[in-house]
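2 protein chains.
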Amino acid sequence: MKIAIAQLNYHIGNFDGNLDKMLRATAEAKANGADIVVFGELSTCGYPPRDFLEFRDFIRHANNTIDQLKAAADGIAIVVGSPTINPLLEGKDLHNSAYFLYNNEILHVQHKTLLPTYDVFDEYRYFEPAKEHKTVMFKGKRIALTICEDLWNLGNENPLYTVCPMDIMMLDEPELMINVSASPFDYDHAADRLEVLRANVKKYKIPLFYSNVVGAQTEIIFDGGSVVFSPDGSVYDEMPYFVEGISYYDFNDVVKGGRNNEQTKEKIPLIHDAIILGLKDYFGKLGLKKAILGLSGGIDSAITAVMATRALGKENVRGVLMPSEYSTSHSVEDAKALAENLGIRYDIIPIKRPYNSFLKILDDVLEDKPFDVTEENIQARCRAIILMAIANKHGNVLLNTTNKSEFSVGYGTLYGDLAGGLSVLGDVYKTEIYQLANYINKDELVIPQNTISKAPSAELKHGQKDSDSLPEYHLLDPILYMYIEHRLGPKEIIEMGYDETLVRRVLKLVNTSEFKRHQTAPVLRVSPKAFGVGRRVPIVGKYLS
Amino acid sequence: MKIAIAQLNYHIGNFDGNLDKMLRATAEAKANGADIVVFGELSTCGYPPRDFLEFRDFIRHANNTIDQLKAAADGIAIVVGSPTINPLLEGKDLHNSAYFLYNNEILHVQHKTLLPTYDVFDEYRYFEPAKEHKTVMFKGKRIALTICEDLWNLGNENPLYTVCPMDIMMLDEPELMINVSASPFDYDHAADRLEVLRANVKKYKIPLFYSNVVGAQTEIIFDGGSVVFSPDGSVYDEMPYFVEGISYYDFNDVVKGGRNNEQTKEKIPLIHDAIILGLKDYFGKLGLKKAILGLSGGIDSAITAVMATRALGKENVRGVLMPSEYSTSHSVEDAKALAENLGIRYDIIPIKRPYNSFLKILDDVLEDKPFDVTEENIQARCRAIILMAIANKHGNVLLNTTNKSEFSVGYGTLYGDLAGGLSVLGDVYKTEIYQLANYINKDELVIPQNTISKAPSAELKHGQKDSDSLPEYHLLDPILYMYIEHRLGPKEIIEMGYDETLVRRVLKLVNTSEFKRHQTAPVLRVSPKAFGVGRRVPIVGKYLS
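First to last, the protein sequences are chains L and D.
For the first sequence, the numbering used here gives the first residue as 107, with consecutive numbering after it.
For the second sequence, the numbering used here gives the first residue as 107, with consecutive numbering after it.
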């Protein structure tokens, strides 16, 4: 038996586009002699469809896609994920299901049992869990068909669920497992995922064919890395990260094992590739082409420009240098050097005139109070107006260049440097930003060395440094990481040896800047805990604040 | 037996404040001879605590509050909601629980069974449902203790759950039900809630003591309206909406029934009062006092100013009139008249200087292309800079004045008129805005008549009217309502008799403006489906777009 895993990039709600991809992959797999082609979780409608699932019209479109795939399941079996309607009155209205289509018929439908409802996932919002677990017989082999999280109650120290659907399916003595997934990227997840899947294979001792989706859906990036395990728990093959592809596996070869084609997993290169895919799909799926961003001469805007250029092409990226009286001369020079290295268009537009005109008309109402964050914010907001004006006139999307350290502590101006349609680096701490810069520069000097080596500054007043307002990043970032990624409280972090005053100050900054993060762009998610849909914190709370 | 219902306004994460409120209420109830005092759902930590629940430190604080309440449960029983740790390794780490405290002991802990995971609710994200359902014996009476949603699988056409915890508890033959709730307001919900609760009373034929919380937590407004049902299904008493209070009920009197003290429920007055509470608590709970807003002379900013004045006091509201060359003379006159009616401070700051300075410095990069939305947006963004500058210098919070019709179709400028810390009217359609204006003006002329009667205009170019870009609101709003509140698709809405071209145009506007709503302030929720946390829609989707 020959099994094709089709690792494809779907688009939420783009039923025609998704169907077309799957039909082409089916034809190719059939031409290559595959007996089964396996797509991804909810691949008819794209994952995660969120509240679109509440529209019957949306479900009708998904059902129609299944009908058309059924018509194509002729001489080849198709395994595909799609929402289905729960026939019972009680419980949620939908199931998250996988179809096994063959000979123009629905041979089997298996609903998902374990519904992830944490971090970026909201599946219990929409779906009723499966109560029945049946295997399917195909060409003399019994197959256990599961959906993503269904395999995730093994290999964890703290299991989230009280049932394990494979335990039930094993009563039928299946010979192989097929799993259709939509498992998102974070820099730890590819390795974690292999361990969880391996725990299943080691427990059930049958091969696993795991088909993941690839591509970004707004902030969530799916990395692919579909994987086939031999029954001894070794990785037979892992498909590439961040690209589409179809791979073919002979069942007997997989059972025999010994291929061990596992990819290396290095954090910074993975982040780099994930962000480029995130950018590419944000623009591509929205039908957009052109980006714009402010180039300050600093490292965050430099990396954002590099990423955008690599994702969209240099002809589609435009930088704007907007010096003020507080800008250092090197900031303009560094930004120009970067733009020239990248070959992107840049303009220099000083903000002096509008800045002074605001000071003039606000003279009375600001009441001669001393220069403070008010005047700093006016500068940042003048820059946002300039960028958005060019974007509006020429059809660019403004990229936000804020990093995760700044986002965490609210070091940024709402409607100023926090503006933008997509946050490119909002899930990358400043200390990781430097690693990313060195990785980008590893073969040739793309980012000017001075941009990397100078002390970070917002340049909103004379001689300003980030370290005037914030702890040094090598002190700040580990505390943020413990609080945000690991959800440790002040007591636990202080017990790890961090300075109590600093810890309390940092946690307070995080919690009192929630109102800013509420109004910022979606953040490309590369860590296990990104700002946005996966982290839901009250604005009006009085906790560590 | 005398039962006190304490309908209180808790604050998320403010453990000391919440404990203090409950201790004072307990003392008062005890002094008044109550046998039991009943608080709300998760009232130790405030509802909804969201991802704060993932911090063990947060749970420790909640447990500490329970310890202190237990110490106060001396001669009076206390019923109080709090998160508890699930002792089992499998499943979610927490339960959403209700404690029955008496004689300085924990007499009973009942976990919640039905975990709302829809609209603004995410309970399955955190909590494991109850597997055990026990009643508690107190002073010779057996009590069935449930938590909010536990009673909500009755009285619905399409039940969301497959179990009904009261069915199990009834095996113990309890004599009364107590329910601790955090049930939020929308203009339909008070009536819906009574019907669901009545269905329980009618089925189980025992009295119900239902204690709801009151107060706003960022965007979600809890209306209180705690209610006591006699066993015949009649409302014995309903506590007031939107205010704190303690009411006392004699068990035998309630069983006898016949009091029938049910409140009237009128949509527009309820919305009015809800928004005022929402504003009051947003400022109060964040420790803020002063609001600022732009006054355009239009109806949205007028109502926002009225609401803010009623919530915060006229001394804490500041209006800014920012005319441009496109402003009509009546817009300034109407705005001045409103400010004078309200007695609030206002300033007039024309935007001409900064607007012209932007046009000047952008002259090259805008490439002589014709006046379009770019120049309109520059005006709106100049106004945001002015408002935010005053806010930053003097400690005001900018109020957003956008209505739900505009939000829906993306009729507004990001970082311009879509700016602000809180959206006051973002859940009120334009057609409801007019009803609200008339309600406000019912006793005296607060909002100038011209503001109500003139055609809506953004005044960003000469002679502009909303109806140049949008359908008339009386055509637009019903389509939005069917799509947003009722989740009907284009087919269903067109079948209701709406023009197909118009329906498709409106739905496309809604779906392609998701990126704007992603970056706006929290919206005070008054309808069954508000923008924000209760409506989760992909930005990068291709559905009806």
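The hints are simulated quantities; they were obtained by calculation from the structure and are not laboratory data.
Worth double-checking, as some hints may not be accurate.
Identical copies go unnamed one by one, so any copy, or any two together, can satisfy a pair.
With a Cα cut of at most 25 Å, we get these calculated DSS-like pairs of lysine-lysine [to be verified]:
#1 Lys442 x Lys466
#2 Lys622 x Lys466
#3 Lys475 x Lys458
#4 Lys240 x Lys420
#5 Lys247 x Lys499
#6 Lys420 x Lys311
#7 Lys475 x Lys571
A quick note: this is a predicted structure, and the numbers were derived from the prediction, not measured.
Hint check:
1. Lys442 x Lys466: This pair counts as between: shortest inter-copy Cα distance 23 Å, intra-copy 31 Å.
2. Lys622 x Lys466: neither (28 Å within a copy, 31 Å between copies)
3. Lys475 x Lys458: Both. Shortest intra-copy (20 Å) and inter-copy (24 Å) distances satisfy the 25 Å Cα cut-off.
4. Lys240 x Lys420: neither (52 Å within a copy, 67 Å between copies)
5. Lys247 x Lys499: neither (60 Å within a copy, 73 Å between copies)
6. Lys420 x Lys311: Neither: 50 Å inside a chain and 73 Å across chains, both beyond 25 Å.
7. Lys475 x Lys571: Answer is within; shortest intra-copy Cα gap is 23 Å, inter-copy 39 Å.
Violation of the numbered hints given earlier is confined to hints 2, 4, 5, 6; the remaining hints are satisfied by the structure.
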